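Participant: Here the protein sequences line up with chains A and B, keeping their order. Okay, so the first sequence: first residue is 1 according to my numbering, each after it adds one. Okay, so the second sequence: first residue is 297 according to my numbering, each after it adds one.
Check each hint, because a few of them may be wrong.
Stated by the list, open to error - Straight-line Cα separation of at most 35 Å, DSBU-like style, residue types lysine-lysine; simulated pairs:
1. B/Lys397 with A/Lys169
2. A/Lys174 with A/Lys11
3. A/Lys181 with B/Lys397
4. A/Lys174 with B/Lys503
5. A/Lys187 with A/Lys174
6. B/Lys397 with A/Lys11
7. A/Lys169 with A/Lys11
8. A/Lys187 with A/Lys158
9. A/Lys11 with B/Lys298
10. B/Lys503 with B/Lys337
11. A/Lys187 with B/Lys503
12. A/Lys11 with B/Lys503
Treat the hints as calculated values from the structure; they're not laboratory data. Just so you know, these numbers come straight off a predicted model, no measurement behind them.
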Amino acid sequence: MNHTLTGQVAKSRRLVASEQELRQAIARELPAAGLGDLVVMGGHFMLFEDPSSGRLTPGVIEEQPDETMRGRIAGRVGIFPGYTWRMSIGLLGEYAAAGADVRLLLLINDWQYVPTGGRPASELRAEFFAGLSALPPSYEEALREAGLSQESVLPSRKHPLAFPETWLKYRFQKAADRLVKEGRLEKRYLDSGPRDTEVAFLDGDGNYRTLISCGVTGCAGEITEMVSEVYRAGHRNLLIFAPGECLMPVETGVDIALSLYDLPGMRVVIADPGGSGEMSAEEIYGNLVTVSTFRR
Amino acid sequence: MKVIYLDGCATTRVDDEVVDAMLPFLREEFGNPSSPHMLGKRARRAVDEAAASVARLIGADPEDVVFTSGATEGNNIALLGVFGHDERAPVNGFFCPIDHKSSLAVGQALAARGLDARTARVRPSGQVDLDDLAARLDPYTRVVTAAWVNSEIGVVQPVAAMAGLCAAVGSLLHVDAAQAAGRIPIRVREAGADTLSLSAHKIHGPKGVGALYVRPEIRHRLRPVMYGGGQHALRSGTIPTHLVVGMGKACELAAARLDAEWRRVRELRATALGVLAAGVPGLRVNGDPDASVPHVLNVVLPGVRGESLVSSLRTVAVSTGSACNSGSQEPSYVLTAIGVPAEDANCSVRICLDAGISFADLALGVELLVERARALAGVTTAATPAQG
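Kindly generate the complete structure, drawing on both the sequences and the hints.
Facilitator: Structure (C-alpha cells):
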C-alpha cells in the first residue's frame, strides 16, 4: 500500500485479489462501528439503445432478455452493474445492522452509447428518465430480498432514483464558470487554436489537472460534482464502485472535490471491481482490484 | 495465466544472464565500492567493468559514465544541472513537446522559476523541425533536449543535425536515449550529444539503475542537483553494485544483439501490421514508419476507445494513446502534438515489439487484440471519450 498527502487531502491505495480481501479493505477504511453515515455508489450502468424499440435501456445483463443485447453488454461491461449493486446492498445491510445511516446511489451513464443520429440524444435521455419510476426489476428484486426498498436509494436533485451523468456534467460546467471567476479554477488557452480553452485545477503538487477541455467536461468534472452533491445531502462517507477503466478520472474527481469545494470531514473510498467485460468474480479479482481512499 | 507482453517501451523482463551476473553482488560480493578493503575493491572493479560495458554500447569512454537511478534522474541532472551553473538572465532552453515527462516536467519547473523554457516545433512525423529550431536558437540558449527515440510513436530524432545547430550557438544538446539504447546504434561522440541518459530496465536490465553520459569537455558546465558523499561529482550516493553490474551485462548483451534484433523486429512488425490491417477496418498508423524504429507500432483502431480495450484485455499487455495522468483520460499529448485528432488519439494503442517474442505468440496476441477491438466497436455508436 502506498500513502501520500496532497495539500490537505490524504490518499492511500492498495490492490486486493479476492472479494473477501475487498470487503476487508473496505471494512478497514470504513469501519462499521461508529460510522454515522455512508453513501454507497453501486450498480452503475450505461444506457444502450434497444434496436427493437429505438429507446434507451439499462446496460445490465439481467435486464435484457434479448441475446444480442446481452452479448453487447457482456462484451462491454460484463457483470459489473449487477455485481456491484448486489455487493452494495450486502454492505448496506451490514452497516445498517451496525447502526449506520446508509443510502445507495445509482449513477447512470446516459451519454456514452446514446445514439447521436435519428432522434436527439437529449430527447432519448429525457424519455428514459421520465419512465424511470422504479429501479430496474433485477435491482428491485435484490433490494427486496435483503428486506429493503427504494427508500434506501439517495435521490438526486434531478431524479428521485438516479444521478444522471449529463446532469452532473452540466452542473459542473455552470459551477466551473463561477469558480474561474473566483480564481479557484484556471481557464487557459491551448496551443492548438486561439479558441480552444481548458479549465484546469492546480493541485497541491503544483500540477494542472484538466476538468473541461474545449467545452467538454471530463469524467473527473462530473465526479467532482457528485461528491459535492453527496456532501450537500449531509453525508460524510462515500464508497464508490467504479469501472476499472474509469478509476483514474474518478480518483481525480474525488481529489479535486475534496480540495476545491473544501469538504471537511469527507472520506471517500473507491474500488474498481471489473467493468471491462469480466463475467465472473474470478475474472474480476484475477485482474486485481484497486481500493483507494481519500480523506479531507 | 500466460500474458503476451507487447509493452516493452514501459519495461522489459530481466534477462537470465543479467540475473546471474547480479546475484554474486547480492550474496558474497556485497562490499561497498567506496570501501578500501578487498570486498570494496572487488565491488569497485565490477562497477568499473560495468561502466566500460555501458560506454561500449554508446561509443564513449568509461570515465564519462555516471550511474544514476534511471533515465529520469539522468534527465534531471542534465537539464537542471546546466541551469545550476552561471545562471544569469537571459537564458533559455528548448524542450521537445513529445518527450517523456521527466524532461517536460523539468521544463515546467524551470519555467516556474522564471526561466525561458521554449517548446521546439515538431513535424507530423514527430521529428523536430530543424529549420524552426535553427531560427529560434540564440546565444542565450543553454540547452536543447530531445528523446532520440520517442516512446509512443518510435520516431528517431535527427540528433547529429540538432547537435550541429546547438554547437553553432554554444548550446548544449541533451539526449534522452532510454528508448534508443539497444534499438539503434549510438555513437555519442559522432552524434555530438553533450549529455545522454540511459535506463537499464528498457534493455532487459534491472529497474532502478541508469546512466548519464557527460562529454568531458562540458562537464564544468553542469552542477549536481543532489549532494552527499561525492561518490561521483555529479551524483552522490552509495553505488548499488548489483544493479550497476546488471546494467553493464544488459548493455553488453544489447550491443551484441543489436543488428540481429533490428532485423527480427522488422519482421515481427510486418506480422503485427498484417494481422491488424486484416482485422480492423480503417486502421491507421500514427507517426511516420519510415522515420521510426520498428519496435514501436502505434495505431488508431477507429471507434474503439483505447482505454476500454486495454483494460478489457486479459492476456495481452499493450498501452493506450490516452494519458490518464491528467485525470480526465485526455488524448495523449504526444499524438495530439503531431497532429493526430483527439478522437483518433483516444482510439489509439501502442504495441511495443521485443525480438524475444515468437511469431506465434505475437500473432496470437494481436489476434486477441483485434477480436476484442471488434467486439467493442460493435457497441460503439458515437465518439466515446470516456465512461464515467
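Participant: Taking each numbered hint in turn, which are not upheld by the structure, reported in ascending numerical order?
Facilitator: 4 and 11
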